[in-house]
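Just so you know, the sequences run in chain order A and B. Numbering-wise, this note's numbering puts 7 at position 7 of the first sequence, and it's gapless, one number per residue. Numbering-wise, this note's numbering puts 122 at position 122 of the second sequence, and it's gapless, one number per residue.
It should be emphasised that the hints constitute simulated quantities derived from the structure, not laboratory data. Honestly, I wouldn't trust all of these hints.
[Claimed, not checked] Okay, the calculated bits of chain B under chain A, using three or more residues with CB under 8 angstroms as the criterion:
(1) 7-16
(2) 109-116
[Claimed, not checked] With the Cβ distance kept under 8 angstroms, some of the chain A side facing chain B (calculated, not the full set):
(3) G2
(4) N3
(5) Y6
(6) F36
(7) S45
(8) E61
(9) L69
[As the list claims (entries may be wrong)] For each label pair, taking beta carbons as the anchor points, the in silico distance ranges come out as:
(10) A:T47 to B:D188: 21 to 31 angstroms
(11) A:G28 to B:A35: 41 to 51 angstroms
(12) A:Y77 to B:G66: 18 to 28 angstroms
(13) A:D25 to B:D188: 29 to 39 angstroms
(14) A:S73 to B:D188: 26 to 36 angstroms
(15) B:A27 to A:G28: 12 to 22 angstroms
Glycine included, C-beta positions come from ideal geometry on N, C-alpha and C.
Here's the letter readout for the chains.
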Amino acid sequence: MGNDLYNRIAVLRAERNLSRQDLADALGINYQTVGFLERGDYNPSLTLALDLSAYFGLPVEAIFSRKPLKPLSEAVYGNAVLKKGGMKGWTR
Amino acid sequence: MDVSYKILGIPMQRQSTRRKMVVMVYALLLAFCIAGIVFARTEPQFYRGPLYAALAVAALVFGGSGKWGLIKPFPNKPPWREPVIVNVVRSQLKPMALTIPDQSGWTNDERELARRDRAHYLAYQAVTIVLVLVLPVAAFGLRAAIGLHHPDWLTVTLALHVIYALALVGSVMAVTLPAAIILWNEPDMDLD
């Protein structure tokens, strides 16, 4: 198993209308490190991952995953949309 | 890394720019070292030239050792701000210098600390090679000095010259290499 770690930090930050500097200040890290995290160029320590989890108020597995993450809309509404016959032509 | 720090007015966010700068600085230091080795025949004290140049590069360009330079201080301690004299006239107090450490932007976070440690590990490998090369040359020089069997072409003076050259290169590397490795490896930095 490689070292790949996927995350939703960029989406969560955009949803909350935060700049990288805002998030960095809240977590006590450099704003460039936020960029590295978002691009997947740096895997955070457990401490930082838990800090992010606490900051966003989400479980760690909602932010980080060892497998590529689905878009949030699909993760939240995916099953409902498929049952209603939405997203025509959508294949898994 | 301090992305706002400029070298001769040139911003250093781009990795390619930083790499060019590192190559140019090392070309300059190499020229200094060669001059130091050549001049050592007549003036061995010339080693100060390349060493001072390396210290200046580490302090003012590469950073890692203090207030200036591209890299934040390696010890992860912020430099001390200039003394601030507060409200002297109004409070009728004697000037009291308050020295408060300037924390803003000077502490390394966990990613930067990991980069720092990795760079020192890599630099340690290179400096170790230089140090290990010194040992056999010193042993041969010692053999020549005490009259044991040694190749005819090997004189004490020659051995000392080689040790001098290796020590000079090793010293310059030890002073500058960790910061240079960080500057070389860090990808393009974004401005928020």
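Against the structure, the hints come out as follows:
no.: 1; hint: 7-16; verdict: violated (count 0)
no.: 2; hint: 109-116; verdict: holds (count 4)
no.: 3; hint: G2; verdict: violated (18 angstroms)
no.: 4; hint: N3; verdict: violated (13 angstroms)
no.: 5; hint: Y6; verdict: violated (18 angstroms)
no.: 6; hint: F36; verdict: holds (6 angstroms)
no.: 7; hint: S45; verdict: holds (5 angstroms)
no.: 8; hint: E61; verdict: violated (21 angstroms)
no.: 9; hint: L69; verdict: violated (21 angstroms)
no.: 10; hint: A:T47 to B:D188: 21 to 31 angstroms; verdict: holds (27 angstroms)
no.: 11; hint: A:G28 to B:A35: 41 to 51 angstroms; verdict: holds (47 angstroms)
no.: 12; hint: A:Y77 to B:G66: 18 to 28 angstroms; verdict: violated (54 angstroms)
no.: 13; hint: A:D25 to B:D188: 29 to 39 angstroms; verdict: violated (22 angstroms)
no.: 14; hint: A:S73 to B:D188: 26 to 36 angstroms; verdict: holds (31 angstroms)
no.: 15; hint: B:A27 to A:G28: 12 to 22 angstroms; verdict: violated (39 angstroms)
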